[in-house]
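Numbering (numbering that gives the first Met the number 0), first residue to last: 0 to 1215.
Honestly, I wouldn't trust all of these hints.
Here are the computed distance ranges between Cβ atoms for each label pair [unchecked claim]: (1) K303 with K1051: 33 to 43 Å; (2) A763 with K303: 45 to 55 Å; (3) R1183 with P404: 48 to 58 Å; (4) E697 with P404: 53 to 63 Å; (5) H216 with Q448: 26 to 36 Å; (6) D109 with N420: 45 to 55 Å; (7) R686 with C779: 36 to 46 Å; (8) N420 with A763: 54 to 64 Å; (9) E29 with T262: 39 to 49 Å; (10) T807 with V603: 38 to 48 Å; (11) A763 with D336: 32 to 42 Å; (12) E640 with H316: 34 to 44 Å; (13) G268 with V1158: 54 to 64 Å.
In silico DSS-like pairs for lysine-lysine, Cα to Cα no more than 27 Å straight-line [what the hints assert, rightly or not]: (14) K68 with K137; (15) K1171 with K1152; (16) K1192 with K1097; (17) K28 with K137; (18) K22 with K179; (19) K595 with K667; (20) K158 with K41; (21) K179 with K106; (22) K302 with K22.
Simulated from the structure, these hints should not be mistaken for laboratory data. Here the structure is a predicted model, which means the values were calculated and not measured. For every residue, glycine included, the Cβ atom is placed at its ideal position computed from N, Cα and C.
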Amino acid sequence: MSGPDPSQQAFEAAKNTFRQSLKDENLFKELLATTSVEQVYKAAEDAQAKPYADRRLRHMAKIRGFIDKLNDYASAVDTFVQAKPDILALIWGPIRLLLVWTSNVAKFADAVNDAMKAIGDALPHALKLAALFGDNDKFKAVLVLFYKDILDFYVIALKFFNLSRPRLVFESVWPKQRAKIDVVVGNIERHTSLMRSEVTMQRISEEHEFRAKSLAHFDKETDFQELQRFQTLKTRVSPRIYDDRLEWLLDRSAKASAQWLVTDNMFQGWLDVSNPAMRLLWLQGIPGAGKTFLSAVAVDEAKKRHRTLFVFVSHIHQSSTTTKSILQSLLFQLAFDLEDAQSVLVESNERELLGNTQYVRDLLKTLLSTPGVGPTYIILDGLDEMEAVERGILLNQLADLESCPEVRTLISSRPEDDIANILDAKASKIRVDKRNSDSIRSYVNQRTQDWMRTADFDQEIRKQVEHLLEPVAEHANGMFLYARIVLDNAETCNGLEEIERELRVLPVDLDDAYHRILSRIGQSSSSLRRKANMILGWIGSSPLPMKRHEIEQALLVDSSSNAAPAVIANVNFVRICGPIVEVVDENLQFVHFTVKEYIFSPEVSGFIDQAYASYSLAKTLLIYLCSEAFDKDLPDQKLQENIVAGIYRLHWFATSQWIILVRRCVEKSKDLSAYPDLLELLTRLVRELRNSSFSGQEVDLNDRVFRAMTPNRPEIPQFVCGILQFRQDDKQSDWNYTNSDTWVDLDPSVMSFTLARIYKHLEALLCEERRHRTPPNCPCTALCRHYGASLFKCSYPSCSLSRSGFPTRAARKAHVDSHARPWKCPDRSCLYATIGFSSWRDQRKHWEELHQSASQPGGLVSLTQDCFSRDDLKILLFELTKAGDVDGLRRIVPYFEWDGWEVKPALLLATRMGSLPLVEVLDQFVRYSSDRESADLFSALFKSESAALLCWLLDNLCGSHQTSTDLNVVHHYKSLAALAFSTSSPEMFAEWEAFLLDPARRLKSRSAPSWLRSRVVLDREPANFDEIEALIPHFGKLSVVFSKTVFGAVRKDAMLEARLIQTWHRLIDVVGSLDPRFLGWSLNMLARSSNRSITLAKELLRLGAPIDFPRGQAGVIGQRYRGRTALHHSSRATSEQAARFSRFLLEEGADPKYGWCDVKPAEEKGAALMQKWLGESWEEVVARTKEARQTRKRESGELGDGMAASASEKEAKVLQ
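Model the full structure from these sequences, guided by the hints.
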């Protein structure tokens, strides 16, 4: 009896390997259902019968050769091997499924057809001719090889197309799969060469091994390269990852303190991905309730179930925490263990990934919606610690992720009004401070036990201390932070008597706990008190977190010495400042953001003046920079000794932050008259640190703050503005300490030269990582003590990691290698598609000069009007625009009439697409005839969220370019501003705000046409356009942010109102304080707008708007009659909002006696409706607010104290 056929066993083994590779038993069974080529053709016919299938399967002819060769192969296998039916079924089943899966998307169908054609081309023609082989065994062995090759192809294709990927993911991931199929094609071609009689079985056996190794090698190499590209991109983007923060929080969490949350039904419902009603959960509570620690536990629980993305926002990084940075963090977290996401990221537009919030959001949304990603939790803690505008933008962006069906979001924050307005209606809520009393009690008990275990108390004292601590949990009122502060305070006490004094009467609340700490500081010695106040003030006023070693040296800086101080002992910051500070990752910080709010509050006894703290830190840095340590001629040996001695602990912080702190002082006193010693230090800085080899550009005094700082000392603003200009150079991203000779003399100061020297000598001092020199030649221990454990600094001075560094050379090298220029040339054949540019303008200039000019239509075949009908041309215009074919558009657009009415739809489409090259081509042929057409264009522009397109349009306003839309754009400048304020794209708004605040970018003409300039614009009030224009510089450009149009755009949106107020403050930073009459005019505009916002009115009054403008002593515009007040305007409106606005103005002291044309505000319709809307009549509100009016008049000087009684009598008569 003959044994089993080895070839049949080989086919069976190949089938089982294929089955295991699929990892989907149901799919495998479905493949076995197709047993013949006829079923494949039937599937093709069914797909062909679908609508538009002729487009999707137009290349079916491509795969006919593939199917024919597989038919020959199946016949050969059936003839020579007598294989089982399931072996043959695996030849036809995958084809049928792939045709069905891809028939609905042309791109997918084309991709699989092309791959099949490549396999078909590689398969040999003579599979039926066994005569080519003298040995049937060798032929069968080769048939097995081909079978494995075919199944290799099927595994790749089936795994890829089994998931319905979005087009973006397909385009990023498919090239890798196609390359792997090419490896299979190469294997088939090699195996075809085995169909010769002289080939030995050993050679065939070797090919079996080679086949498996080639695919494994491909996977290993491509995975490695993909990971390298991803890591490089991650380094460039530098998203903040919060794993270390999570670990820190979990290590410090009492296990029992969060158990109530873990078992909570609402939290469990949120974790349950099968529960569609619980997708958004809001952990809310008072400050210090332990929300962050609970969020960490929530992350830990969520990670046990499904993929979890998380962010811990902190006030410490508030200035750098934006919607974009948070979305970038979520995006990269998602990609860490998701290969498809990594492929999408490395193939994405790097410039957009770095600078476009909407682009990042769309990428994240696309990936989260991709089948195979699975349920994903997003946990965001500390939302309230972001700036109000940013957190509003973030919530709106996260709301867009709600369309991702498997995403569940948890947000933790205080219940601030702006957050509640968005989350109240759609989030399930857990109020933390109402649920955590048992947890706080457990925490206090655990802390007490730990203290008793480590303290050397006898039994009696231990009982007394434990008794004193018993009420702490009850007094905490839901605040873990309160319990922590009280316990930390108690542990710093010396002896039972001091502990009793601290705990006998517990603090009433958190503020009282802070008060006790500040009081203790106030009772310490004068030197310790001064040091504590400096530390607390510097922590709270520093532009970015200061490191422990930086503050230690800053405390020793002495104005009477020319030497930079050396630190010989570490500082115990908690002992000096109390338990309101802590050191985390070398950064000295407050334990909670409420500490900063408390110590800087003027209402607190012994508060710290934040302005003075900024001045104190600025002064310290200037003294340090003027020390001999920064002498350009310092010998190398002395420089190295200084490094080892820790003389340059403060150097990075000082050189990068002194200008920011000095600016604050200048803004406070305008001319530094309040800080004369600071002025002298700046004079000394200019004298001692001026770069005699300076070879940079001529200094442009374009910084308003420093330009006007010291008119009698012009060398100071010249020096400071020169340094600012140097730091803003587009080329700074290319500057490296290793090529410092090429750029340090572009700095007007010697600071860059010294920084480069310090970097190079520090590098020379460091030992090899694994081989330290023998003491005393090894300085590494001393260097770590002075500069921290991460001594390997990034060599790019513009990078923040040139300060914080890396723990190893290898980590630093991986980071430095990734530094690149992100603005790539879009032409992939161009060298600059790889090298890139430092700025968008450089990239744009390169494109226009080298590529755009090369593709001008002169060298192309010319079109004639006879080539196409008019209708054909219009269709072609639209199709070319849709396809983004710039060259094609240049050829066709000139054949349309000069008024270009037929080009307008294409221009609108190009604008919606956000394509600047297309818009530039089409715009020159368009003339707008109506306001509506212009409005449509601007609306499309903002919807495109293309900052480059907006920049181009704004440049048109300044005359940088000439376009046919100029007059329309200027005429509709207010509507453009309204769109900017209402946009959800931070980049679009930032681009517009930068234009608004840049004094160098001026409108070509006024924002109002001449016919309007001669008319009264205050609604029958005293001023014409020229008289109003004189109240603010660049009126036509700047006054728009005080216009009714913009007020209407931010209506009923707290986030947009906060954005507008923020812009007002930035405007004031640029132009200085505003004329009160202009602010009064703006208050009138607000009262007459559709958005009578009390929030905006409060801010205008705070900025100095006279509430009764243009009456009383408020001042008028022009020389004629005065006109209506804001109160009178609002009393004429009949809405509830207007009634509330009128009541607010009366409560703020607005005078109801000022009428107009013999009509008083009390006689207007809105006044009569106040009772209906507010339940209080006009007369009752006026009577109730009498004292507010008298106070307002006394403060404004309209009413002396002796006149108050008579004025009150007169007002009573008016009311009667």
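We went through each hint and held it up to the structure:
Distance hint check for K303 and K1051: the Cβ-Cβ separation is about 42 Å, which falls inside the suggested range of 33 to 43 Å. Checking the proposed 45 to 55 Å range against A763 and K303 shows it holds: the Cβ atoms sit about 49 Å from each other. Separated by about 54 Å at the C-beta atoms, R1183 and P404 satisfy the suggested range of 48 to 58 Å. Checking the proposed 53 to 63 Å range against E697 and P404 shows it holds: the Cβ atoms sit about 59 Å from each other.
Range check, H216 to Q448: Cβ separation about 59 Å, and the 26 to 36 Å hint is violated. A hinted range of 45 to 55 Å for the beta carbons of D109 and N420 is consistent with their spacing of about 48 Å. Roughly 37 Å separates the CB atoms of R686 and C779, a value that falls within the hinted 36 to 46 Å. At about 58 Å, the beta-carbon gap between N420 and A763 stays in the expected band of 54 to 64 Å.
The supplied range of 39 to 49 Å is met by E29 and T262, whose beta-carbon atoms lie about 43 Å from each other. Between T807 and V603, the C-beta spacing of about 46 Å keeps the proposed range 38 to 48 Å intact. The hint said 32 to 42 Å for the Cβ distance between A763 and D336, and at roughly 40 Å that hint holds. Take E640 and H316: their Cβ atoms lie about 35 Å apart, and the range 34 to 44 Å holds.
Taking the beta carbon of each, G268 and V1158 are about 60 Å apart, inside 54 to 64 Å as hinted. Straight-line distance between C-alpha atoms of K68 and K137 comes to about 20 Å, which keeps the hinted pair within the 27 Å bound. At roughly 22 Å between alpha-carbon atoms, K1171 and K1152 fall within 27 Å of each other, so this suggested pair holds. Using a Cα cut-off of 27 Å, the hinted pair K1192 and K1097 holds, with the two alpha carbons roughly 17 Å apart.
Taking the CA atoms of K28 and K137, the gap is about 31 Å. The hint is violated against a cut of 27 Å. Restraint check for K22 and K179: the C-alpha separation of about 19 Å stays at or below 27 Å, so the hint holds. This hinted pair checks out: K595 and K667 have alpha carbons roughly 20 Å apart, not beyond 27 Å. The suggested pairing of K158 with K41 holds, with an alpha-carbon distance near 23 Å, which does not exceed 27 Å.
Of the supplied pair hints, the one linking K179 and K106 holds, its CA atoms being roughly 19 Å apart against a limit of 27 Å. Distance hint between K302 and K22 is fulfilled; the C-alpha atoms sit about 24 Å from each other, no more than 27 Å.
The structure fails to meet hints 5, 17 from the earlier list, while all remaining hints are met.
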